[in-house]
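Asker: Here are the chains, one letter per residue:
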Amino acid sequence: MATKGDRDEGQSGNAAAPAMVLASLFLDLWQANLKAFALDQQRDKDAAGDPAVKEGGK
Amino acid sequence: MTTGLEFAALMARASRGPRPMPLHLANAFGLWAGATPAAGALAAGALMIHPSLEDGFASLRAMVEKSGGWPAFVGAVAMESSTRTAQFLEGVNRYLTHPYNRPESEATIAAEVGTMQVLDYGGDGTPVLMIPSLINPHYVLDLMPGRSMAAYLKERGFRPFLVNWNEPGDEEVAFDTGTYVMARLMPALGAVAAVAGGPVPVIGYCMGGTLAMGLAARAGGMLSKLALLAAPWDFEVSRAHAGRRMAPALAAMVQGMPPRAPVSVDYLQVFFASLDPTLGDNKFRKFAAMDQNSDAARFFVALETWANSGAALARPVAEECLGTWYEGNAPGRGNWMVADRPVDPAEVTAPVFVAAPKADRLVPQESALAVAKRLPNVVTHDPGAGHVGMIVGSKAKAGLWAPLADWLKES
Numbered sequence: 001m002a003t004k005g006d007r008d009e010g011q012s013g014n015a016a017a018p019a020m021v022l023a024s025l026f027l028d029l030w031q032a033n034l035k036a037f038a039l040d041q042q043r044d045k046d047a048a049g050d051p052a053v054k055e056g057g058k
Numbered sequence: 001m002t003t004g005l006e007f008a009a010l011m012a013r014a015s016r017g018p019r020p021m022p023l024h025l026a027n028a029f030g031l032w033a034g035a036t037p038a039a040g041a042l043a044a045g046a047l048m049i050h051p052s053l054e055d056g057f058a059s060l061r062a063m064v065e066k067s068g069g070w071p072a073f074v075g076a077v078a079m080e081s082s083t084r085t086a087q088f089l090e091g092v093n094r095y096l097t098h099p100y101n102r103p104e105s106e107a108t109i110a111a112e113v114g115t116m117q118v119l120d121y122g123g124d125g126t127p128v129l130m131i132p133s134l135i136n137p138h139y140v141l142d143l144m145p146g147r148s149m150a151a152y153l154k155e156r157g158f159r160p161f162l163v164n165w166n167e168p169g170d171e172e173v174a175f176d177t178g179t180y181v182m183a184r185l186m187p188a189l190g191a192v193a194a195v196a197g198g199p200v201p202v203i204g205y206c207m208g209g210t211l212a213m214g215l216a217a218r219a220g221g222m223l224s225k226l227a228l229l230a231a232p233w234d235f236e237v238s239r240a241h242a243g244r245r246m247a248p249a250l251a252a253m254v255q256g257m258p259p260r261a262p263v264s265v266d267y268l269q270v271f272f273a274s275l276d277p278t279l280g281d282n283k284f285r286k287f288a289a290m291d292q293n294s295d296a297a298r299f300f301v302a303l304e305t306w307a308n309s310g311a312a313l314a315r316p317v318a319e320e321c322l323g324t325w326y327e328g329n330a331p332g333r334g335n336w337m338v339a340d341r342p343v344d345p346a347e348v349t350a351p352v353f354v355a356a357p358k359a360d361r362l363v364p365q366e367s368a369l370a371v372a373k374r375l376p377n378v379v380t381h382d383p384g385a386g387h388v389g390m391i392v393g394s395k396a397k398a399g400l401w402a403p404l405a406d407w408l409k410e411s
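Heads up: the sequence lines are chains A and B, in that order.
With the numbering used here, the residue at position 46 of the first sequence is 46, and numbering never jumps.
With the numbering used here, the residue at position 357 of the second sequence is 357, and numbering never jumps.
It is worth saying that the hints were derived from the structure and are not from the lab.
Beta carbons: idealized from backbone N, C-alpha and C, even for Gly.
Among the clues, some could well be false.
Now the in silico label distances, taken between C-beta atoms and shown as ranges [said to hold, decoys possible]:
no., chain 1, residue 1, chain 2, residue 2, range
1, A, Phe37, B, Gly198, 50 to 58 Å
2, B, Met253, A, Leu39, 47 to 55 Å
3, A, Phe37, B, Gly45, 16 to 24 Å
4, B, Arg260, A, Phe37, 35 to 43 Å
5, A, Leu39, B, Gly198, 21 to 29 Å
6, B, Glu171, A, Asp28, 45 to 53 Å
7, A, Ala36, B, Ala289, 21 to 29 Å
8, A, Leu39, B, Arg260, 30 to 38 Å
9, A, Asp28, B, Gly45, 14 to 22 Å
10, A, Ser24, B, Pro248, 32 to 40 Å
11, B, Asp291, A, Asp28, 30 to 38 Å
12, B, Phe29, A, Phe37, 16 to 24 Å
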């Protein structure tokens with residue numbers, strides 16, 4: 001039979017678990033966010049900032 | 001958790017890579033050190049979010065607001081980002097201390113010119129000359145058992161001869177790409193043609209393919225067929241070459257080096273690391289979680305060690321690649337000089353096989369295919385894998401090695 005202490009610990013664990021899950025999800029998104037901006041920066045430069053690309057006319 | 005003392009020992013073993021180590025550490029530390037403030041910024045609605053990820057962050061915000069609230073979330077992010085930093089360090093540590101070392105090749109040295117060697121894989125098959133890039137070691141074409149294009153070609157009835165560039169010596173430090181073609185590849189081809197008693201096929205990978213194109217244009221009757229594997233040719237295609245953004249900065253760095261000093265692989269690794277600053281963390285955290293005694297772990301160590309090694313580039317070659325090729329598109333514009341004449345692919349009448357993967361993140365498919373438009377006798381092929389995966393990945397045999405061997409065997 002579960003005691004009140006077990007229930008409290010379980011509730012505390014349940015409250016903490018989602019925060020860690022959400023944190024993990026956030027960190028995946030944060031990493032993807034930095035990667036997306038890094039790739040964009042390269043594309044922006046390729047498309048707009050590189051005279052060789054413009055002059056190539058391709 | 002890696003301690004400070006262990007970390008110091010780890011740094012002492014850092015020559016295996018990832019190189020340059022300080023850059024990879026800074027990228028990973030910066031990534032995770034920035035996460036907690038970013039979580040706070042998300043709570044305040046002040047985080048700069050990439051348009052492709054807006055929905056994901058919006059869902060996350062809603063979930064946080066329904067759960068324990070922002071303070072608990074930000075605290076959890078701080079804990080989890082520390083864990084990820086430790087996992088990254090653990091991955092690097094496990095990589096540096098992994099017992100796998102690539103077994104020495106069974107090939108013998110068939111010819112030496114300057115510091116370049118031509119390695120002979122033996123057998124009585126049809127000789128074929130294989131030319132790797134000047135960047136990273138030659139052995140990507142013979143990485144490890146089961147991941148060796150050279151071994152596969154030998155099984156299929158060929159006798160591979162593989163160019164090992166080695167470090168540039170007193171002569172090579174002054175070479176440009178055209179000199180490498182005429183003073184190193186031409187004698188290598190001559191040596192292999194002498195073994196064959198006639199013209200031989202040549203396979204060039206990446207920059208080695210571009211050099212092979214120059215060789216083919218000057219080789220006359222010594223070359224029977226030419227295979228270009230992800231070889232860059234046109235540097236002005238719509239999807240730019242990887243790292244092009246870095247080329248002017250790197251060119252300036254190279255110009256600041258002492259005269260005749262070769263360009264270390266660390267300079268080039270900065271170039272590759274700039275493509276995706278989050279990649280190192282991803283790779284090494286995954287490696288930390290792998291069974292270290294698995295084939296996958298040994299493959300990781302073999303490939304990562306290859307990617308982090310390589311001879312220095314002769315200064316004129318580095319300047320030419322960054323300037324004349326990347327910025328000036330000399331090959332694609334028909335201005336690349338070999339033996340005092342521009343290289344024109346139209347002069348190559350031998351059959352040519354152009355492998356150009358759509359999934360190549362380093363050399364755009366369009367760049368590698370551009371040469372095919374000027375070749376009179378050409379077939380093109382998409383190996384269905386990335387730039388390195390097509391050579392050593394799980395799909396390499398079906399996607400590239402077998403179609404290439406079949407083509408080489410066609411009369």
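Asker: The structure should be examined with respect to each hint, and the outcome stated for every one.
Answerer: Outcome of the hint check:
For A/Phe37 and B/Gly198, the hinted distance range of 50 to 58 Å is satisfied, since their beta carbons lie about 55 Å from each other. For B/Met253 paired with A/Leu39, a C-beta distance near 23 Å fails the hint of 47 to 55 Å. At about 18 Å, the beta-carbon gap between A/Phe37 and B/Gly45 stays in the expected band of 16 to 24 Å. For the pair B/Arg260 and A/Phe37, the beta carbons lie near 39 Å from each other, so the given range of 35 to 43 Å is met.
Between A/Leu39 and B/Gly198 the CB atoms are about 48 Å apart, so this pair departs from the stated range of 21 to 29 Å. Separated by about 51 Å at the C-beta atoms, B/Glu171 and A/Asp28 satisfy the suggested range of 45 to 53 Å. The beta-carbon spacing between A/Ala36 and B/Ala289, approximately 24 Å, falls within the hinted interval of 21 to 29 Å. Between A/Leu39 and B/Arg260 the Cβ separation comes to about 36 Å, which falls inside the hinted range of 30 to 38 Å.
Checked against the hint of 14 to 22 Å, the C-beta distance between A/Asp28 and B/Gly45 comes to roughly 20 Å, which is consistent with it. Take A/Ser24 and B/Pro248: their Cβ atoms lie about 39 Å apart, and the range 32 to 40 Å holds. Between B/Asp291 and A/Asp28 the beta carbon distance is about 23 Å. The supplied range of 30 to 38 Å is therefore violated. Evaluation of the 16 to 24 Å hint for B/Phe29 and A/Phe37 yields a pass: the beta carbon distance comes to about 18 Å.
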